[in-house]
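Trainee: Given the structure of chain B, go ahead and fit chain D onto it with the hints provided.
If you're matching them up, the sequences are chains B and D in order.
Residue 285 in the numbering used here sits at position 285 of the first sequence, and the numbers go up by one each step.
Residue 1 in the numbering used here sits at position 1 of the second sequence, and the numbers go up by one each step.
Source of the hints: derived by calculation from the structure; they are not laboratory data.
Just so you know, not all the hints are guaranteed correct.
Simulated pairs of lysine to any residue, SDA-like, Cα-Cα distance not exceeding 25 Å [as the list claims (entries may be wrong)]:
#1 B:K129 to D:R142
#2 B:K191 to B:I179
#3 D:K52 to B:D56
#4 B:K129 to D:P141
#5 B:K191 to B:H217
#6 B:K129 to D:L45
#7 B:K191 to B:L162
#8 B:K129 to D:D152
#9 B:K129 to D:D78
#10 B:K129 to D:G105
#11 D:K41 to D:E111
#12 D:K52 to B:P131
#13 B:K129 to D:L134
#14 B:K129 to D:S40
#15 D:K52 to D:V101
#16 B:K129 to D:R37
#17 D:K52 to B:I179
Given the structure is predicted, the values throughout are model-derived calculations rather than measurements.
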Amino acid sequence: MERLINTLRRRLMSVVLVIHAALVPLLYLGVTAIVTDGYAELFVNPARSYSQLAADELERGAPDDFERHAAELLDSVLLTGQVVFAEIIDGNRRIHSSLPSPIAPANPPDDFQFGAHGDEVYYISHTIKRPDRSVVLRLGFDESPTLEQIRAAKRRVLMAVLVFTAASIAVALWLSAIIARPMVRLQEAAKRVSGGDFRVQLTTRSSIREVQELNHHLEHMRQKLVGTNERLEREMQEREVSEAKRLDLERRLLHRERIATIGTLAGGIAHEFNNIMTPILLYSQVALQDAPPGSALATDLTRIVSAAHRARSLVNGILTFSREMDLQQAAVFALRPIIAEALTLLRAIVPANIEITFEADPEDIPVVGDPSLLHQAVINLCTNAYQAMSPSDGRIAVKLSAVRNPPKSQLPPGHYVLLEVNDTGHGMDESVLAHIFDPFFTTRDVGEGTGLGLSIFHGIITSMGGVITVESAVGSGTMVQIYLPAAAGRAEQDILSAGGAA
Amino acid sequence: MECGVLLNMRRALQLFILLCLASQACAASHTLVLVVRADSKVSDLDSLTVRKLFLGLPVLVEGGLLHPVRNRSDAELDPIFLQQIVAMSQSAYDRQILIGVNRQGWLRPAEVSTVSRVLDILYDDPNAVTFMWLHEVAHNPRVRVIRVLWSD
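Next comes chain B alone, as it looks inside the complex (with noise of 0.2 Å):
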């Protein structure tokens, strides 16, 4: 910034500089001209004109008394006082005035300009042809006065010459700075725009036309780069969250094309599985009845019976995993008692070392579905999460909310109802968090688990249009949401729809 306002000054004062260094001593020598031949016209003029009257009267003079008449013609001429010498050359002979003089040489030239030889005397020398003879009359002017006044003039005139540079100058500096401040100002904002600051304004001050101009010329330019560049990066953040969006929903395509592939694998084999228990727990269940009581094949058909039962009730769980058990009438109920009643009953099975905290807003939303299941629901989940735990302690935090408009981005925007359930296991990584709703997916040692329980909590998440997100961290717990649709938000017809689907 600074090297541009020398830049502007230095150039913009330079050119006054050599504009003044050429015209000032023209200006200077020309009017110190004009000065000096006004000066010596006025002293000129009336010399000449004096001596020649001077030279008219000696030749006009009496002729019989020519010496007399020369003395009182030299007495008067320098009487004048602008005359220093006055002689007249008669032959050989040189008349001179009684009067004190200057001493003048014997044969001064003749001044026809003047100022000139140097002497401050101007001599001029008049031819006068008398009856009787013929002399030269020769006055001598005093030139000083008039030199002096020239010199005086030049004076003046020098003073006034340095007066008009020094105001010059100082009206061009003023100048300068009021042409480079505005410019200044918009190279400052100009350097600000191209280092990524489109905020500032360019705006300057400016009595110029072209400098105005000029601003609002870029200014204009500045907001339309503004603009293009908020709508490239508007289009670049909605470019983000699209392919966000996309790459979710290819996952959870993924994910429930999978969990569609199971279920339907599995659906299939528990029906047939269910036709084939149904003969063996009808026939069990006809023999016990025969069997006589007490008897040792009372006994055995009674285990037949009960691990019947015990393969019926897996089938089942099967079925609503793949959504293909026969649900019951759906209806519209209150979550909160559910909920109350599903930890009541946890209470009862989980050790008294594991915490169990509930909480819910004050307005219970109600939300359309099977309450058994959403009752299974919270035990599978509740039962997984304190079995992630170890036995000494731990926590399980059950909440329950309204939500309007969740920031969920596959979730419709409506009023939902959010459960929430954290525990303080152990967490989980990446890979095992890809497969916990898979059917017969288990961590833990075979024969301990069935790997049932999460998938059929998904199972009737899903039936009854919820949503699941899950969050977890190896050695930092694991935090479950449950969005379910409130009853509020969802027209009859859909609840039918919902129901049968189920």
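Mentor: The following block gives chain D in isolation, referenced to the frame of chain B:
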């Protein structure tokens, strides 16, 4: 200081010019004379009449109107003419001529820039009066010197 330097320079220049002129004059006769044609009726003219003549005033000699011819064949002639004949500066002389021509109806003196042309006019006009260096007319029988105007 600066004024003095410029004045000295100007004086030196003027001195140089005058020295050049003086050298030319030294080569000539250094005497300026008033001349007419040899058979002219003009015998003598005093300084006042000469000044009248070259200021454009009508001057009659024996019924004949004299015709002044300003000789400008030599640069040295001009300052001598202005100082010794009309006794004024060039600008004053120009103003005087303009006043005489425009207000009084006088005739502007003829101006000739070559010696041969001056002599031709003299040869052709018996009433012509001009001034020349003496050495230019000293041995010319067709012209006559009637007055010495200036001599160094």
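Trainee: Give a verdict on every hint.
Mentor: Now the hints, each set against the structure:
{"no.": "1", "hint": "B:K129 to D:R142", "in the structure": "holds, 24 Å"}
{"no.": "2", "hint": "B:K191 to B:I179", "in the structure": "holds, 19 Å"}
{"no.": "3", "hint": "D:K52 to B:D56", "in the structure": "holds, 13 Å"}
{"no.": "4", "hint": "B:K129 to D:P141", "in the structure": "holds, 23 Å"}
{"no.": "5", "hint": "B:K191 to B:H217", "in the structure": "holds, 16 Å"}
{"no.": "6", "hint": "B:K129 to D:L45", "in the structure": "holds, 10 Å"}
{"no.": "7", "hint": "B:K191 to B:L162", "in the structure": "violated, 42 Å"}
{"no.": "8", "hint": "B:K129 to D:D152", "in the structure": "holds, 15 Å"}
{"no.": "9", "hint": "B:K129 to D:D78", "in the structure": "holds, 22 Å"}
{"no.": "10", "hint": "B:K129 to D:G105", "in the structure": "violated, 31 Å"}
{"no.": "11", "hint": "D:K41 to D:E111", "in the structure": "holds, 22 Å"}
{"no.": "12", "hint": "D:K52 to B:P131", "in the structure": "holds, 21 Å"}
{"no.": "13", "hint": "B:K129 to D:L134", "in the structure": "holds, 17 Å"}
{"no.": "14", "hint": "B:K129 to D:S40", "in the structure": "holds, 20 Å"}
{"no.": "15", "hint": "D:K52 to D:V101", "in the structure": "holds, 13 Å"}
{"no.": "16", "hint": "B:K129 to D:R37", "in the structure": "holds, 21 Å"}
{"no.": "17", "hint": "D:K52 to B:I179", "in the structure": "violated, 66 Å"}
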